[in-house]
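A.B. asks: Work the whole structure out from these sequences, hints included.
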Amino acid sequence: METDRPDGRTPNQLRPLVCSCSILHRSHGSASWAQGETKVLAAVYGPKAGTKKSENPEKASIEVIWKPKTGQIGKVEKEYEMILKRTLESICIRTIYPNTTTSVIVQVVHDDGALLPCAINAACAALVDAGIPLKHLAVAICCSVTDSGCIILDPTKDEEEKMKAFINLVFPNTIVSVLPEGSLQAGSEPMAHGIMTSITQGAMSVDDYLHCLERGRAASARLSEFVRKNIELKSTSEASKAG
Amino acid sequence: MREIQLPLSQTQKVRLQKALEQLESLSTKVNSDASVIIADSIHVNHEDGVLKGHGTADLNGEVVATLCGVVERVNKLVYVRALRSRYKPEVGDIVIGRVVEVAQKRWRLEINYNQDAVLLLSSMNMPDGVQRRRTAVDELNMRCIFEENDVVCAEVRGFQHDGLHLQARSRKYGKLNRGQLLTVPPYLVKRQKQHFHHLEEFGIDLILGCNGFIWVGEHVEAKDDMIEDQVSQSDSQVLFPNKNCVSLEEQEKNYTILETRKYISRAANAVRVLSTLGFNITLEIIKGIIDLSLSMNLDIHDMLGSEFCVLVAEKEAERRSSMKKRR
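Going down the list, the sequences are from chains A and B. Per full-length UniProt numbering, the very first residue in the first sequence carries number 1; after that it's consecutive. Per full-length UniProt numbering, the very first residue in the second sequence carries number 1; after that it's consecutive.
One or more hints might be untrue.
As a list, the in silico EDC-like pairs of lysine to aspartate or glutamate whose alpha-carbon atoms are at most 20 Å apart [stated by the list, open to error]:
#1 A:Lys-241 to B:Glu-307
#2 A:Lys-48 to B:Asp-162
#3 A:Lys-59 to B:Asp-58
#4 A:Lys-135 to B:Asp-58
#5 A:Lys-135 to B:Glu-62
#6 A:Lys-59 to B:Asp-162
#7 A:Lys-52 to B:Asp-162
#8 A:Lys-241 to B:Glu-318
#9 A:Lys-39 to A:Glu-161
#10 A:Lys-48 to B:Glu-101
#11 A:Lys-48 to B:Glu-110
#12 A:Lys-135 to A:Glu-232
#13 A:Lys-241 to B:Glu-21
#14 A:Lys-241 to B:Glu-284
#15 A:Lys-229 to B:Glu-24
#16 A:Lys-241 to B:Glu-24
#17 B:Lys-193 to B:Glu-90
#18 B:Lys-287 to B:Glu-307
#19 A:Lys-241 to B:Glu-72
#20 A:Lys-241 to B:Glu-314
#21 A:Lys-229 to B:Glu-21
Hint data in this document are derived by calculation from the structure and do not stem from the laboratory.
C.D. replies: What follows is the structure, encoded as C-alpha cells:
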C-alpha cells in the first residue's frame, strides 16, 4: 500500500486548519476557514424580515449565495449552493424566527481541493458568530479512494485529479456535558453520530464507502475538537472583556 | 461586528495582551464553569421541573444549548445568555431607531431586530403637545413629523399581532437632531434605570439605547423648548418642524457651535474605543475616557489610534482590579 503523499502527509492526516471569526464589519456574523491552501470566507446577514414567494413563511428560511474566486457561477457552484442550503437548513432551528430570511454569502478565496467541506465548516462558524440558534454544529470532511483502493483524507487539488472516487461527508459535532460527571447518558458513550450529508463522485464499492465513513467519522472527532476549542476561547474572552 | 483590528506595534501588542489577560483573570472564576457552546448538554435536576428558557432546547429529555454563551439559572429558569446575537426587546426598553418607511398611520423603524418595529401615530405625542384625537389631516402630515432616515428615540411598548410596537409618549422621546448615531453590539449596553444622560460640563446629551444604538448630540431642554417655541413662532411652524427653513433666524437656530461639536465628536470616539475593545459601555467609563483624552491634550482623531486604545485597556484593567479589592 502506497502511503506517500506529495505534501508528506499520511493518509489519515488533515491539512492545517485556521479559523477566524468576526472579520467583517457589516455582517452579523462572519468567519474565515482555511484547510491548507483552500480558504473560504463566509458572512451571515439576518435574520431579516420577510420571505421569498417560494419559501414557507411559517419557518425561517436560509438563502445561500456562492461567490467563486473569479467569473460567474456555473453548474458546479449551483450544486454547491443547493447542498450548502440543505445542510444549513438541517442544523438550524427554524421555528424560532418565522417569516425571516437569513442570508449566507460564501466567498471562495482559494481552491486547492476539498472546497465544499471547507465552505460548510466556514458557514457553520459564521452562523455561530451571528448567534443563530442551532441544533448542533456540523463538521465536514472529504475522503477519496485511489485506484489501488487506498483511502486518503482531505485531498488537495492535484490529488483529486488522480482519484478514482471521493465522498464529501458532514457529521454533527460531538456533544459534551457541562458537568461531565452529571451526564445522564449511559456510561461515557457519546451520542450516536448521524450523517447529515453524504455526496459521492466517481465509482465506489460499498466496502469502500463504509471504510470512508469509518475514516471520516474518526477524523471528524479531531475537527470537532478544533471547532469547540476555537469557539470556547472566543466566548470566554468576550465575556471577560465585557465585564 | 469586527474584532480588534488596530495597527499595533510590538510594544503596544504586549501591553494590550497583558491588560486583556488581567481582565480575563479577574472574571475567569465567575465565567469559566458556566460557558457553553452549541449542543452542549446542561445539567439540571429533572425532579424540580426546570423551565427551559432562551437559548436552550429539549433533546431526548435532556436540556441542550442552542447558542454559545453563559448559562444563567434563576430559580427554576435555565437560559443561555448569548453575547453575539441580535437585540431582544423587552417591554420598557429605551431604543433608538431609524425610520425606514412611512406607512398608513404608522412609521416603521429599524432597531437591530429581526423585523422592523412599528410606531403608531396614536402612540406618540403631537409636536404641539396638544392631547387630542388623530385625524386624517394628521395622517397626511406624518412626513412632516418623521420622514425616512430620521433618528427617533422611543420605548418598547410590547408585542402585538403585527409585530413589535413602540411608543413615544413623553417629551424626552421623539426625533433626535444635531448629533451622531453610533452602532455597537447590544450586549455591551447593560440595562439600567437611567439611559438618558446629560453631560453638563460638555453641554451634550447621551442616550444609550438597549438595542446597541447610541446617540451623542447637543443638549436639548425638554420643557423650555415648547414654551419658547410658542412664544417665538406661529402654530404652523411648531406643527411641522421638518419643513425646510430658509430664514436666517431658523438657520441660526440649527447651528451648533464648534466647541459643542468637538465635545460631541470626542464623546462619540470614546464610545467607539469601548466598542473596539469590547468593553461594557456605561456613563462613568465614557466620562473617564473623555477626561483622559482631555487631560492628555489629545486631538479628537487621535482617540481612535492604537496608543490611546491600549492606554484605555490598561486603565480599565486598573479600575476593575481596584473595584475588586474594594469589595
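A.B. asks: Each hint should be assessed against the structure and marked as holding or not.
C.D. replies: Verification of the hints:
For the suggested pair A:Lys-241 and B:Glu-307, the alpha carbons sit about 19 Å apart, so the restraint of at most 20 Å is met. Distance check on the hinted pair: A:Lys-48 and B:Asp-162 sit about 15 Å apart at the alpha-carbon level, within 20 Å; holds. Proximity of A:Lys-59 to B:Asp-58 is assessed by CA-CA distance (about 19 Å); at most 20 Å being required, the pair is judged to hold. The hinted pair formed by A:Lys-135 and B:Asp-58 meets the criterion: a straight-line CA distance of about 10 Å does not exceed 20 Å.
At roughly 13 Å between alpha-carbon atoms, A:Lys-135 and B:Glu-62 fall within 20 Å of each other, so this suggested pair holds. Using a Cα cut-off of 20 Å, the hinted pair A:Lys-59 and B:Asp-162 holds, with the two alpha carbons roughly 16 Å apart. A distance of roughly 19 Å separates the Cα atoms of A:Lys-52 and B:Asp-162; the hinted pair therefore holds under the 20 Å criterion. In summary, the hint linking A:Lys-241 to B:Glu-318 is supported, as the alpha carbons are separated by about 13 Å, within the 20 Å threshold.
A C-alpha spacing of about 19 Å is found between A:Lys-39 and A:Glu-161, which places the hinted pair at or below 20 Å, so the restraint holds. Straight-line distance between C-alpha atoms of A:Lys-48 and B:Glu-101 comes to about 15 Å, which keeps the hinted pair within the 20 Å bound. Note on A:Lys-48 and B:Glu-110: the hinted pairing holds, with a Cα-Cα distance of about 11 Å set against a maximum of 20 Å. Only pairs whose Cα atoms come within 20 Å are accepted, and A:Lys-135 paired with A:Glu-232 is accepted, the gap being roughly 17 Å.
With a C-alpha separation of about 9 Å, the suggested pairing of A:Lys-241 with B:Glu-21 holds against the 20 Å cut-off. With a C-alpha separation of about 17 Å, the suggested pairing of A:Lys-241 with B:Glu-284 holds against the 20 Å cut-off. With a C-alpha separation of about 17 Å, the suggested pair A:Lys-229 and B:Glu-24 falls inside the 20 Å cut-off, and the hint holds. Restraint check for A:Lys-241 and B:Glu-24: satisfied, since their Cα atoms lie roughly 7 Å apart, inside the 20 Å limit.
At roughly 14 Å between alpha-carbon atoms, B:Lys-193 and B:Glu-90 fall within 20 Å of each other, so this suggested pair holds. A distance of roughly 19 Å separates the Cα atoms of B:Lys-287 and B:Glu-307; the hinted pair therefore holds under the 20 Å criterion. Between A:Lys-241 and B:Glu-72 the alpha-carbon distance is near 18 Å, which keeps this suggested pair within the 20 Å criterion. Simply put, A:Lys-241 and B:Glu-314 have alpha-carbon atoms about 12 Å apart, close enough for the 20 Å limit, and the pair holds.
For a cut-off of 20 Å, the pair hint linking A:Lys-229 to B:Glu-21 stands: about 18 Å separates their Cα positions.
Consistency note: the structure conflicts with none of the earlier hints.
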